[in-house]
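S.K.: Keeping their order, the protein sequence lines are chains A and B.
Just so you know, we're using my numbering here: the first sequence kicks off at 1 and counts up by one.
Just so you know, we're using my numbering here: the second sequence kicks off at 1 and counts up by one.
Heads up, some of the hints might be wrong.
[Claimed, not checked] In silico lysine-lysine, DSS-like type, Cα no more than 30 Å apart, as pairs:
| # | chain 1 | residue 1 | chain 2 | residue 2 |
| --- | --- | --- | --- | --- |
| 1 | A | K55 | B | K18 |
| 2 | A | K179 | B | K12 |
| 3 | A | K61 | A | K33 |
| 4 | A | K191 | B | K18 |
| 5 | A | K61 | A | K76 |
| 6 | B | K15 | A | K141 |
| 7 | B | K12 | A | K141 |
| 8 | A | K33 | A | K44 |
| 9 | A | K141 | B | K241 |
These aren't lab readings, by the way, just hints derived from the structure by calculation.
Here is what each chain is made of, one letter per residue.
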Amino acid sequence: MTGYLIKRLFEIIPTLFGITLLSFFIIHLAPGKPTDVLTEMNPKITPEARERLEKLYGLDKPVIQQYGIWLKRIVKLDFGESFSTDRRPVIEKIWDTKQPLLERRLFITFSINILSMVVIFLIAIPIGISSAVRQYSLYDKITTTIVFLGFAMPSFWLALLLMMLFGIHLDWLPISGLKSMNYESLSILGKIFDRAEHLILPVFISAFGGLAGLSRFMRSSMLEVVRQDYVTTARAKGLPENKVIYRHAFRNALLPIITLLGLSVPGLIGGSVIFENIFGIPGMGQLFFMSVMIRDYPLVMGILTIGAILTLLGNLMADIGYMIADPRIRTK
Amino acid sequence: MVNITHRSPFLKYFKKNKLAIAGGITVMVLFFIAVFAPLISPYDANDIDRKHILEPPSIEHPLGTDDLGRDLLSRMFWGARISLSVGFVAVGIATLIGMILGALSGYYGGWTDRVIMRFIDIMLSIPTFFLILSVIAFIGPSIWNIMTVIGVTSWMGIARLVRAEFLSLKEREYVLAAKALGASDTSIIFRHIMLNSMAPVLVSAVLGVAGAVLVESALSFLGIGIQPPTPSWGNILTLGKDNIEIAWWLSVFPGLAILITVLGYNLLGEGIRDSIDPRLWQSEKK
Chain A
1 MTGYLIKRLF EIIPTLFGIT LLSFFIIHLA PGKPTDVLTE MNPKITPEAR ERLEKLYGLD
61 KPVIQQYGIW LKRIVKLDFG ESFSTDRRPV IEKIWDTKQP LLERRLFITF SINILSMVVI
121 FLIAIPIGIS SAVRQYSLYD KITTTIVFLG FAMPSFWLAL LLMMLFGIHL DWLPISGLKS
181 MNYESLSILG KIFDRAEHLI LPVFISAFGG LAGLSRFMRS SMLEVVRQDY VTTARAKGLP
241 ENKVIYRHAF RNALLPIITL LGLSVPGLIG GSVIFENIFG IPGMGQLFFM SVMIRDYPLV
301 MGILTIGAIL TLLGNLMADI GYMIADPRIR TK
Chain B
1 MVNITHRSPF LKYFKKNKLA IAGGITVMVL FFIAVFAPLI SPYDANDIDR KHILEPPSIE
61 HPLGTDDLGR DLLSRMFWGA RISLSVGFVA VGIATLIGMI LGALSGYYGG WTDRVIMRFI
121 DIMLSIPTFF LILSVIAFIG PSIWNIMTVI GVTSWMGIAR LVRAEFLSLK EREYVLAAKA
181 LGASDTSIIF RHIMLNSMAP VLVSAVLGVA GAVLVESALS FLGIGIQPPT PSWGNILTLG
241 KDNIEIAWWL SVFPGLAILI TVLGYNLLGE GIRDSIDPRL WQSEKK
């Protein structure tokens, strides 16, 4: 098992190399240059000043050479400096050690994504199981309909509707940012409560996209499993139905779900641009959006790389989860 | 539907599936709206009317007006045209790339297969929405750019499907017979195998339209998709967000249109899938 894990870990490296190479070339070969943005903002900038700036950014070199330089720094975990006027290191923008943990962009996005995964798990799996167990019942039909609607629902639209309902109409929940104006003056408990209140809608919206898919998948996986001989055997030897479902069927039905969860990581990360934009959350998605707008190449590359690493780790975790859940793989 | 012969029970099962029929009708109605948008729109979609700004739905303006007094219903009709053309062209591009790479990979195997599969793995590990976002932001949000970028980032599923079909079909006797008769690779790939693997591709293309419509509307919503004054459901929703406290109709209707479109294509796609799956033909239970 450890051998397999090590092999998988080493496979990540060439994939990651491929991802960064591809992204780097796409980004740098796209028409236009970061200095165009500066010229747009300040038409008085001279061609000489532009050239100097391009030289400073290293943009005068061929793309392949630029990639080499980027790669040499990235293996030392140096993401380079941002092209924006403050010239701060990319890593500082993503993970600012001067700020408390709760305010760091990567932490904010990461924690929302983890929370939404937990929510997906806690809601989708019970729904999937219960509708599979009662296949073709009214309950199954209702959940199937809701799931189908959920598939088609654009999450940003749902976000607007929920903001209208809970934020404006009922005035129950805040609709923007991560903390209230009076956050600093709150007690610790008050701070936790305040943060939780701000997180409800974003976490729900971020989880929503995965909910429909996962519960649907759980249902069909469960339906497949309950037809197997060993489930019939379990029933035949007189086990109570609850035990049959949760001990024998559920565990086996969970296997394909684990893989799916690992594969859902890129979708979740991509979705963070949308929900962070809607709810005004200062996370990685928002930072990414700002960085593409000013063509801040190092920052764009940095965030894409971190996104890719998280995706690959998600896949790896799925593999590990699969092994823990399936004894047949464990012994190999 | 190329490989569906006259004796195939495809139509019989498709007709029985009420949801699939509903999806098919929705898709046709939307297509009609998109094609005839100029004829059925009550107003010019870009007609600014400063006297009727942000009016709620009424008899004159069935879906209300936006912040410039433009008629929302007319803008929604034109939005259908934009969304569907982005959906069709993007899926066309994705299908073409997916079929070619999938066919090469499945037919030739070996190194070709390994390189293409690795490439697919890489594409699947990039947070695609991030990549789409940055490329569109860099090259500018014209409708052609949006179609192309969505297309070239969403072919992986189809490539895998086609590859799997090729793997199983290339060993069939009729293919071996064609080979023995001296048919060229191109002829075998395109005439003998590709045509027979079209059914799953069709399903995934229909479902793909729904996905492309969602991505386009998300991009437009973020402000880097279709640019105003060209109406798109996504950029109308941005107006809805900006006027969320005073104009609910700007948020509700465009979202509903996206929902119905995606739902229609999903139902149709799944309906076709169920009807061409011979394993489901026996089970009459519903």
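S.K.: All hints are to be evaluated individually against the structure, with a verdict given for each.
M.R.: Status of the hints after comparison with the structure:
| no. | hint | in the structure |
| --- | --- | --- |
| 1 | K55(A) / K18(B) | 64 Å, violated |
| 2 | K179(A) / K12(B) | 58 Å, violated |
| 3 | K61(A) / K33(A) | 13 Å, holds |
| 4 | K191(A) / K18(B) | 52 Å, violated |
| 5 | K61(A) / K76(A) | 22 Å, holds |
| 6 | K15(B) / K141(A) | 20 Å, holds |
| 7 | K12(B) / K141(A) | 23 Å, holds |
| 8 | K33(A) / K44(A) | 17 Å, holds |
| 9 | K141(A) / K241(B) | 33 Å, violated |
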